[in-house]
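Construct all of the structure, not just a fragment, from the sequences and the given hints.
Protein chains: 6
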Amino acid sequence: MGSKIIFLGLIAVSCYVASAADPSPLQDFCVADQNSTDPKVVEANDFFFTGLHLRGNTSNRFGLRPTPVTVAQVPGLNTLGISIFRVDFAPFGVTPPHTHPRASEVVLVLKGQLEVGFVASNPENRPITKVIGMGDMLAIPFGLTHFQRNIRNGTAVILAVFNSQTPGIILMANSVFGSKPDISNDVLQKAFQVDQNVISQLQNQF
Amino acid sequence: MGSKIIFLGLIAVSCYVASAADPSPLQDFCVADQNSTDPKVVEANDFFFTGLHLRGNTSNRFGLRPTPVTVAQVPGLNTLGISIFRVDFAPFGVTPPHTHPRASEVVLVLKGQLEVGFVASNPENRPITKVIGMGDMLAIPFGLTHFQRNIRNGTAVILAVFNSQTPGIILMANSVFGSKPDISNDVLQKAFQVDQNVISQLQNQF
Amino acid sequence: MGSKIIFLGLIAVSCYVASAADPSPLQDFCVADQNSTDPKVVEANDFFFTGLHLRGNTSNRFGLRPTPVTVAQVPGLNTLGISIFRVDFAPFGVTPPHTHPRASEVVLVLKGQLEVGFVASNPENRPITKVIGMGDMLAIPFGLTHFQRNIRNGTAVILAVFNSQTPGIILMANSVFGSKPDISNDVLQKAFQVDQNVISQLQNQF
Amino acid sequence: MGSKIIFLGLIAVSCYVASAADPSPLQDFCVADQNSTDPKVVEANDFFFTGLHLRGNTSNRFGLRPTPVTVAQVPGLNTLGISIFRVDFAPFGVTPPHTHPRASEVVLVLKGQLEVGFVASNPENRPITKVIGMGDMLAIPFGLTHFQRNIRNGTAVILAVFNSQTPGIILMANSVFGSKPDISNDVLQKAFQVDQNVISQLQNQF
Amino acid sequence: MGSKIIFLGLIAVSCYVASAADPSPLQDFCVADQNSTDPKVVEANDFFFTGLHLRGNTSNRFGLRPTPVTVAQVPGLNTLGISIFRVDFAPFGVTPPHTHPRASEVVLVLKGQLEVGFVASNPENRPITKVIGMGDMLAIPFGLTHFQRNIRNGTAVILAVFNSQTPGIILMANSVFGSKPDISNDVLQKAFQVDQNVISQLQNQF
Amino acid sequence: MGSKIIFLGLIAVSCYVASAADPSPLQDFCVADQNSTDPKVVEANDFFFTGLHLRGNTSNRFGLRPTPVTVAQVPGLNTLGISIFRVDFAPFGVTPPHTHPRASEVVLVLKGQLEVGFVASNPENRPITKVIGMGDMLAIPFGLTHFQRNIRNGTAVILAVFNSQTPGIILMANSVFGSKPDISNDVLQKAFQVDQNVISQLQNQF
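Chains as they are written, first to last, in UniProt numbering: chain D, 1 to 206; chain X, 1 to 206; chain A, 1 to 206; chain G, 1 to 206; chain W, 1 to 206; chain U, 1 to 206.
What the hints contain is simulated information worked out from the structure, not anything from laboratory work. Watch out, some of these pointers could steer you wrong.
Identical copies carry no separate label here, and so any pair may be met within one copy or between two of them.
Derived lysine to any residue pairs resembling SDA-like cross-links, with alpha carbons at most 25 Å apart [what the hints assert, rightly or not]:
(1) Lys130 <-> Glu115
(2) Lys111 <-> Thr58
(3) Lys180 <-> Gln193
(4) Lys130 <-> Ala90
(5) Lys180 <-> Glu115
(6) Lys130 <-> Gly154
(7) Lys130 <-> Val41
(8) Lys130 <-> Thr155
(9) Lys180 <-> Glu43
(10) Lys180 <-> Asn45
(11) Lys40 <-> Lys180
As the structure is a prediction and not an experimental result, all values here were calculated from the model.
See below:
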């Protein structure tokens with residue numbers, strides 16, 4: 001258990017009827033239907049979330065607990081192009097390597113000291129990493145692989161900030177070894193250049 | 001009365017189902033529903049507006065009458081990213097300082113002579129102003145504070161052009177002193193550095 | 001007959017409820033309705049199309065048969081901003097001069113040898129053309145007039161790639177001479193600088 | 001002569017170093033060079049244009065004179081996504097069928113009475129036209145073929161408004177018959193379904 | 001003194017050569033120059049900022065100190081479309097009513113208790129406000145007027161998050177009363193409906 | 001060797017001076033420098049690439065050879081938002097699981113039969129896969145993990161199409177196990193839930 005439920009908030013948002021950016025229509029014309037939402041019924045709670053000061057439960061194999069605040073939690077974020085996450089780390093907890101398919105990120109350390117890094121795309125694969133502590137931030141470019149690691153024997157907390165209302169998350173290990181049904185052994189053996197025993201061992205973790 | 005009803009056309013548009021710009025999906029996927037609008041029922045009147053040659057009634061405290069032509073008036077503007085306004089000025093009428101949250105603007109003088117200006121954002125606060133007359137235009141950058149002032153003892157008319165189908169308008173004085181319920185006195189006293197009497201005097205105008 | 005039905009797949013797509021690009025809201029706010037599409041019901045066939053290896057019937061006046069793969073054929077392309085076409089050419093077949101109102105294009109020759117070209121916008125009107133064969137590609141800038149011509153006495157096949165899920169197509173001759181009801185003779189005579197007999201002759205072809 | 005010089009202002013703008021829209025980087029990262037333009041040297045004239053009240057010379061075959069106000073004329077329009085044109089018509093003058101590759105348009109009649117229309121893309125080719133007079137506007141969807149025709153024996157003036165700083169223009173007749181060197185006869189004969197004599201006659205007009 | 005220097009970091013960034021979003025070219029074509037920046041010289045410090053845990057000096061008339069982290073401070077934010085601010089409040093300190101011309105915002109309270117609100121655009125002018133404390137967040141829609149007020153006799157700290165690398169800031173009072181040279185008295189008297197004495201009194205604060 | 005050089009064309013493109021999408025300026029204003037590129041010097045070869053009919057050398061551990069056609073190979077693709085790849089597969093060759101940080105993709109099979117699939121983002125991790133053959137296409141949503149596998153004992157060829165001029169590629173195994181210097185063992189052990197021996201074994205493949 002663990003990673004499966006951790007990010008549950010993220011994918012529940014799918015096909016909102018969102019009002020579009022102004023330019024670049026999708027077809028010749030699309031005459032508006034003027035029965036619109038009444039701005040008078042909007043209220044502060046549509047834009048509000050509470051509890052980001054609370055420590056999340058990090059009792060799972062990553063020593064990790066994200067608390068997402070996306071359009072799935074705050075409907076008023078719809079069309080605003082922004083969201084945030086609190087992420088709690090147990091001592092030596094990690095956010096495993098992952099990408100966000102639809103956002104850049106800024107990582108701000110609220111507590112503790114972490115190694116934070118991202119990896120340039122192929123063929124560079126050059127990691128750009130830094131140990132950062134309370135009050136430090138590191139920017140993560142759009143769509144690149146990145147990770148965080150709590151390097152101390154104490155809890156740590158970061159705030160992760162995204163320029164999308166639904167940034168999405170792809171945990172690389174889970175996406176590759178945890179998809180059900182499995183990705184073909186053949187693909188994984190060639191990708192990782194190891195035999196089937198190792199692949200099966202990796203898949204059994206998820 | 002006056003400013004309350006002047007801009008009424010603007011906010012009535014809210015949550016149209018607009019077709020989106022092509023890139024940057026909001027989620028992993030969003031399979032299309034193929035029951036679409038029939039392009040055969042679209043007609044010229046969906047794209048049409050009449051009456052922009054008519055003088056608006058400027059009997060209000062600003063000496064001002066905007067006539068908006070946005071998606072609220074012309075449904076065919078949906079997804080097209082463009083709108084226009086005719087604005088009539090009484091002698092010495094003014095458009096008070098305002099911003100458009102979602103558009104750049106071009107001001108074209110059709111009649112009369114006006115001082116037109118915009119103010120660079122903080123910390124510059126540098127106004128860039130010019131007296132312009134019939135056949136002159138001045139561009140107003142996206143989101144900046146701007147105003148127009150009829151400097152002659154005769155009527156004036158401008159055409160204001162926007163690159164959004166719903167540019168929105170924030171009259172700064174109304175937004176700050178005219179919101180109901182009031183913004184806290186404390187915020188306003190600190191913002192304007194004057195005592196409560198002056199703040200109350202300002203609020204009473206709206 | 002011919003050109004009328006050739007592109008039928010293109011325009012049938014009109015007002016999909018598409019999820020929008022993240023930034024640039026269309027109005028102040030648009031609180032989300034959280035009854036969303038269930039990602040679990042999506043299946044591979046929503047993203048699939050078959051038959052692009054099959055020769056299209058080119059028995060028409062252009063010697064041309066496009067096979068479109070847009071969101072009208074593949075609902076999963078919704079919000080993805082991409083589509084492709086196979087285009088078959090009879091010997092000496094042509095794609096007449098046309099524009100795509102909403103896309104750039106890449107032309108890849110799968111078989112045969114064609115002259116492919118585009119024309120810079122006014123006042124240049126400079127054509128940039130090249131004879132290209134199997135395995136060659138030529139990029140066509142966004143919105144510009146372009147055409148393809150099979151220069152050999154054998155069939156030819158291209159793949160046309162677009163960065164829009166509904167690029168649209170405007171065949172210039174059909175748009176000008178084939179619209180029903182007709183565009184006024186006066187417009188066409190002035191545009192083409194020929195007398196009414198020639199205009200009528202041109203209109204009668206469509 | 002005529003159409004060649006009329007639109008000269010449009011194409012002279014090409015590869016400005018423009019600051020980009022915020023999202024969707026083009027590569028992994030692009031660290032900023034902090035030697036930036038000084039906002040203090042910007043002045044009102046960078047955003048200003050005069051002369052739109054002046055009648056243009058319409059002594060040419062279209063009876064037409066556009067006066068463009070794009071980033072080529074007003075450098076401050078850079079990144080603002082907006083531009084305008086005054087267009088003068090001689091009695092019965094026409095804007096021949098054309099497209100703008102990068103903009104939606106709003107047409108506002110300042111003087112006279114014109115037939116204004118656009119044509120839906122293939123396979124519809126349905127024209128949506130309307131006779132409009134002083135104070136009327138008609139919206140023209142992004143990228144579609146459109147035209148204007150002065151239907152009276154007097155001058156007419158329109159203002160054309162675009163949501164691009166360089167909308168571009170493709171006069172369809174000029175693009176097809178006026179490109180130098182010529183587009184192959186074969187392409188044009190097939191496109192227009194007429195013999196070479198008619199094609200040559202058409203090309204000789206340009 | 002005070003507000004002038006507070007936001008200094010924001011405006012120093014102006015005309016970076018930024019790589020653009022992929023679609024919607026500004027002209028027909030713009031062939032690339034292939035002398036590109038070397039990704040190998042990029043280093044972690046280009047994406048890094050430190051000191052956000054440090055209390056800012058709030059000895060000014062607003063009782064306020066923003067610490068900006070935009071592309072002006074962190075060059076690696078270029079093209080990433082994201083930035084953050086720490087904002088310190090003295091007891092009862094306020095962020096005066098302001099707009100960001102180019103961003104949505106999320107406000108997260110790190111310490112203390114504040115009233116946070118935004119005002120819908122005209123003609124609504126309806127404030128949506130809420131008292132929020134540690135661990136609470138409130139979203140502020142794109143371009144709307146908003147403010148924060150520390151309601152306790154103790155310091156407060158918020159983190160403000162933006163979906164732009166240079167959101168910009170327009171303090172409404174400063175923009176209107178603090179611009180140098182002054183905006184015409186006539187404009188201000190009409191906008192605020194008070195006599196010249198009050199206007200002068202307001203201008204003298206800046 | 002192998003995967004290091006395969007994708008070399010991709011990353012060499014970095015900080016082109018690209019003209020931007022029209023809306024959403026990055027700062028208040030950015031007055032244009034009018035010394036622009038001359039459209040007259042552009043030529044067909046700027047938009048041209050040859051050799052996509054040629055079989056690539058697949059003698060590497062993946063049995064794979066991509067031939068990229070991005071802005072790095074074709075400078076005229078700058079600002080056009082589109083690119084293509086030919087990909088050759090040896091018998092049973094695979095494209096290992098990867099993401100494109102900046103593009104949606106369409107896969108078209110030119111020869112052979114492949115299993116093609118993508119994986120929904122967390123927490124779903126549901127693979128959507130299909131065996132597709134010559135003339136079949138499958139769309140891959142923006143930013144999601146995907147792979148291809150030649151399921152036959154013969155060569156296979158696909159064409160991959162992207163809606164970005166520089167889509168980028170992140171081979172997940174290489175990004176995680178092949179980055180130099182290594183990502184911390186601790187991060188990888190927690191991510192993959194295996195001991196250091198297995199991690200070292202995996203790293204040694206790259």
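Hints, verified against the model:
1. In the homo-oligomer, the alpha carbons of Lys130 and Glu115 lie at most 25 Å apart inside one protomer (6 Å), although the nearest pairing across protomers, at 36 Å, exceeds that limit.
2. Within a single copy, Lys111 and Thr58 get their C-alpha atoms as close as 15 Å, and across copies as close as 23 Å, so both meet the 25 Å cut-off.
3. For a Cα distance limit of 25 Å, the shortest separation of Lys180 from Gln193 qualifies both inside one copy, at 21 Å, and across copies, at 18 Å.
4. In the homo-oligomer, the alpha carbons of Lys130 and Ala90 lie at most 25 Å apart inside one protomer (19 Å), although the nearest pairing across protomers, at 33 Å, exceeds that limit.
5. Taking the shortest alpha-carbon separations for Lys180 and Glu115, only the inter-copy value of 16 Å comes in at or below 25 Å, while the best intra-copy value is 31 Å.
6. Proximity of Lys130 and Gly154 under a CA criterion of 25 Å is satisfied intra-copy only: 19 Å inside one chain copy versus 34 Å between copies.
7. In this homomeric assembly, Lys130 and Val41 come within 25 Å of each other (Cα to Cα) only across copies, at 16 Å, whereas the closest approach inside a single copy is 46 Å.
8. Taking CA atoms no more than 25 Å apart as the test, Lys130 paired with Thr155 passes inside one copy only; the shortest distance there is 18 Å, against 31 Å between copies.
9. Within a single copy, Lys180 and Glu43 get their C-alpha atoms only as close as 41 Å, which misses the 25 Å cut-off; across copies the closest is 14 Å, which meets it.
10. For the identical chains of this complex, Lys180 and Asn45 are inter-copy neighbours only, at 18 Å across copies versus 37 Å inside a copy, given an alpha-carbon limit of 25 Å.
11. In the homo-oligomer, the alpha carbons of Lys40 and Lys180 lie at most 25 Å apart only across protomers (12 Å), although the nearest pairing inside one protomer, at 45 Å, exceeds that limit.
The earlier numbered hints are all upheld by this structure, with none contradicted.
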